[in-house]
Amino acid sequence: MESLAARVRSARTPRARQKDGWRAAVFLAPALLLLILFVYAPALLALGLGFFHYHLLGIGTTWAGLTNFRSALRYSLFWTALRNTLLYALIMVPVTLIGALLLAQLLCGPGKYVGFLRTLILLPYITPVIATAIGWLWIFNPQYGLLNSLMSWLGLPVHQWMQSPTWALPAVAMYTLWHGLGFDMIIALAALASLPKSVSEAAQIDGAGPATIFFRVTLPLLTPTLFFLLVITTIGSLQAFSQIYALSGGQGGPEYATTTLIFLIYQTAFQYYHFSYAAAMAVLLVLLILGLTLFQNWLSKRWVFYQ
Amino acid sequence: MVERRRQLWRHVGLIVGLAILLFPLIWTLFSSLESSSHAASFPGSLIPQFHYQNYVHAWEAAPWGRYFFNTILIATLTTALVLITSLGAAYAFGMHEFPGKRVLFWLVLSVLMIPTELNIIPQYLLFADLHWLNTYQVQIIPWAASTFGIFLIRQFVMSLPRDLFDAARIDGAGELAILWHVVAPLVIPALVTVGVYVFLGSYNAFLWPLIVTNGHAVRPIEVGLASFRTGNNSEYTQLSAAAVFTTLPVLVFFLIAQRYIVESISRTGVRG
Numbered sequence: 034m035e036s037l038a039a040r041v042r043s044a045r046t047p048r049a050r051q052k053d054g055w056r057a058a059v060f061l062a063p064a065l066l067l068l069i070l071f072v073y074a075p076a077l078l079a080l081g082l083g084f085f086h087y088h089l090l091g092i093g094t095t096w097a098g099l100t101n102f103r104s105a106l107r108y109s110l111f112w113t114a115l116r117n118t119l120l121y122a123l124i125m126v127p128v129t130l131i132g133a134l135l136l137a138q139l140l141c142g143p144g145k146y147v148g149f150l151r152t153l154i155l156l157p158y159i160t161p162v163i164a165t166a167i168g169w170l171w172i173f174n175p176q177y178g179l180l181n182s183l184m185s186w187l188g189l190p191v192h193q194w195m196q197s198p199t200w201a202l203p204a205v206a207m208y209t210l211w212h213g214l215g216f217d218m219i220i221a222l223a224a225l226a227s228l229p230k231s232v233s234e235a236a237q238i239d240g241a242g243p244a245t246i247f248f249r250v251t252l253p254l255l256t257p258t259l260f261f262l263l264v265i266t267t268i269g270s271l272q273a274f275s276q277i278y279a280l281s282g283g284q285g286g287p288e289y290a291t292t293t294l295i296f297l298i299y300q301t302a303f304q305y306y307h308f309s310y311a312a313a314m315a316v317l318l319v320l321l322i323l324g325l326t327l328f329q330n331w332l333s334k335r336w337v338f339y340q
Numbered sequence: 036m037v038e039r040r041r042q043l044w045r046h047v048g049l050i051v052g053l054a055i056l057l058f059p060l061i062w063t064l065f066s067s068l069e070s071s072s073h074a075a076s077f078p079g080s081l082i083p084q085f086h087y088q089n090y091v092h093a094w095e096a097a098p099w100g101r102y103f104f105n106t107i108l109i110a111t112l113t114t115a116l117v118l119i120t121s122l123g124a125a126y127a128f129g130m131h132e133f134p135g136k137r138v139l140f141w142l143v144l145s146v147l148m149i150p151t152e153l154n155i156i157p158q159y160l161l162f163a164d165l166h167w168l169n170t171y172q173v174q175i176i177p178w179a180a181s182t183f184g185i186f187l188i189r190q191f192v193m194s195l196p197r198d199l200f201d202a203a204r205i206d207g208a209g210e211l212a213i214l215w216h217v218v219a220p221l222v223i224p225a226l227v228t229v230g231v232y233v234f235l236g237s238y239n240a241f242l243w244p245l246i247v248t249n250g251h252a253v254r255p256i257e258v259g260l261a262s263f264r265t266g267n268n269s270e271y272t273q274l275s276a277a278a279v280f281t282t283l284p285v286l287v288f289f290l291i292a293q294r295y296i297v298e299s300i301s302r303t304g305v306r307g
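Top to bottom, those sequences are chains A and B.
Count along the first sequence from 1, add 33, and you get the number used in the working numbering.
Count along the second sequence from 1, add 35, and you get the number used in the working numbering.
What the hints contain is simulated information worked out from the structure, not anything from laboratory work.
Even for Gly, the Cβ is constructed at its ideal location relative to N, Cα and C.
Watch out, some of these pointers could steer you wrong.
Far from chain A, some chain B residues (derived; all Cβ distances over 10 Å) [to be verified]:
| # | residue |
| --- | --- |
| 1 | Phe58 |
| 2 | Trp62 |
| 3 | Leu68 |
| 4 | His86 |
| 5 | Ala127 |
| 6 | Phe128 |
| 7 | Phe133 |
| 8 | Asn154 |
| 9 | Tyr159 |
| 10 | Tyr171 |
| 11 | Pro177 |
| 12 | Leu199 |
| 13 | Val227 |
| 14 | Val279 |
| 15 | Phe289 |
Label-pair restraints from in silico Cβ distances [unchecked claim]:
| # | chain 1 | residue 1 | chain 2 | residue 2 | range |
| --- | --- | --- | --- | --- | --- |
| 16 | A | Tyr146 | B | Pro220 | 33 to 41 Å |
| 17 | B | Arg39 | A | Gly240 | 50 to 58 Å |
| 18 | B | Met148 | A | Arg335 | 19 to 27 Å |
| 19 | B | Phe58 | A | Ser104 | 42 to 50 Å |
| 20 | A | Met184 | B | Pro284 | 33 to 41 Å |
| 21 | A | Thr94 | B | Arg197 | 46 to 54 Å |
| 22 | A | Tyr108 | B | Leu108 | 38 to 46 Å |
| 23 | A | Arg103 | B | Thr170 | 35 to 43 Å |
| 24 | A | Tyr305 | B | His216 | 27 to 35 Å |
| 25 | B | Val47 | A | Arg116 | 52 to 60 Å |
| 26 | A | Thr95 | B | Gly250 | 26 to 34 Å |
| 27 | B | Glu132 | A | Trp336 | 52 to 60 Å |
| 28 | B | Val51 | A | Gly240 | 27 to 35 Å |
| 29 | B | Val287 | A | Thr94 | 46 to 54 Å |
Listed below are the simulated SDA-like cross-link pairs for lysine to any residue, each with C-alpha atoms no more than 20 Å apart in a straight line [said to hold, decoys possible]:
| # | chain 1 | residue 1 | chain 2 | residue 2 |
| --- | --- | --- | --- | --- |
| 30 | A | Lys334 | A | Phe260 |
| 31 | B | Lys136 | A | Phe260 |
| 32 | B | Lys136 | A | Ala62 |
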């Protein structure tokens, strides 16, 4: 027994801890090296790249100062893309938040098939975008598409959807909602399920109706989750790429209507090979994301309720 | 009475929602089985047909077998590497004491704040310099470490009793033996959750493989499907057939692993 205790003690001495440090380093090294090489180093390079005129393989690269940034800001397509990006986020964010909350309310609680539905609703989220966008293109088809049939059946005006400069971006948003809402719903549902029952029960006993309970009790308690969803939906919609590529046939059209900033960056870098110019635009996009996130964070102090 | 009406509305809402959810998938399946003359008229589409030849033609029109092989290879290797690097790092962070631990952990977490669009251009240039474009490794190595993986597995490792670890050491077990025989079996749920998440992300990856591959040799299925679509063959029924057989493996995977997929989302909400 004695010797065992001694061995236990020696396993926890400073010298053992020093050895611990070396062992830990060996286990950490692969992950850390990969992150430094493929995330941190490129991020630093990206910040610098915009200040050069870069040529492939680095041959003949020259200092550019602010030229790339200045010409991006003078490029009318950059502003079109910025407008599209913001418009897209403006559609996506409120609809996603309200939709996720509503669905979570519907799917909360017991019921045999409700549990099954909770899982099923996640199905679109895991499907490959390029594949499921093919089905949706047919739904958006102006002549034979289901959406226009439905619109005229409901007595609503029909649109050209992916062929209309006005309706293409909302159509992309519609597809993205179908694809991604389940993800947001799961998060809202997890938050809803963790709410203390006692509070809403107390309100019920005090005679509050379901609407009052929802707006005065449930919603304030959910604000931290809503804030989280707000931030990730904003960032997610500023980064949307695959669905735009798939639905616009890799064009960002019609008439640049679905050319968002990330799409413009992709085209500038990988179709026209203006790498530094694209990097300058990427820095501007990141500044936009950062600015919006900080703004939302500042605003959140006014409406997020922490228990 | 009021309660019953509310329940009724809830069910109506759920049924409408379910229809919206499943319709695009069923629609694609039906159009993949239509004769091409039929597909162009809307009401006819709802009557199922069985022109399985669309699948034969679509399958013959592009090297799908190659695409599938590439995707499975890339996704499997990426997942395996992520699990190895994450388990190692999680073990170090969760069970060891060493100087700079907090700073290093913060370094790992702050990766989440670096947006991908900032990185793709320098990453591409880096791999162009290395002559790695159009290879398998360019689609695997940059994604072989995952912050989400490290974070989630660390949570599990930290919840293990330290005595277990000390006891194994006192019994003279080496570090690798402890990791493999003591820690790993106890964090299997975390490993599965991370594995499922990474595998799905890799299967559905699009922007990066689109940029770094050209030609069929190492191209994954998603990029293959996109090029099949923009290629000369855009017969709708065949396109739908291709969409069906590229989605099918994910659906099967979802049915098997759905518990872990839901888990990975409600755990931290890291978006893919």
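**Asked** Looking back at the hints listed earlier, which ones does the structure fail to meet?
**Response** The structure conflicts with hints 1, 2, 5, 6, 7, 8, 9, 11, 14, 15, 17, 24, 25, 27 and 31, although it agrees with all the remaining ones.
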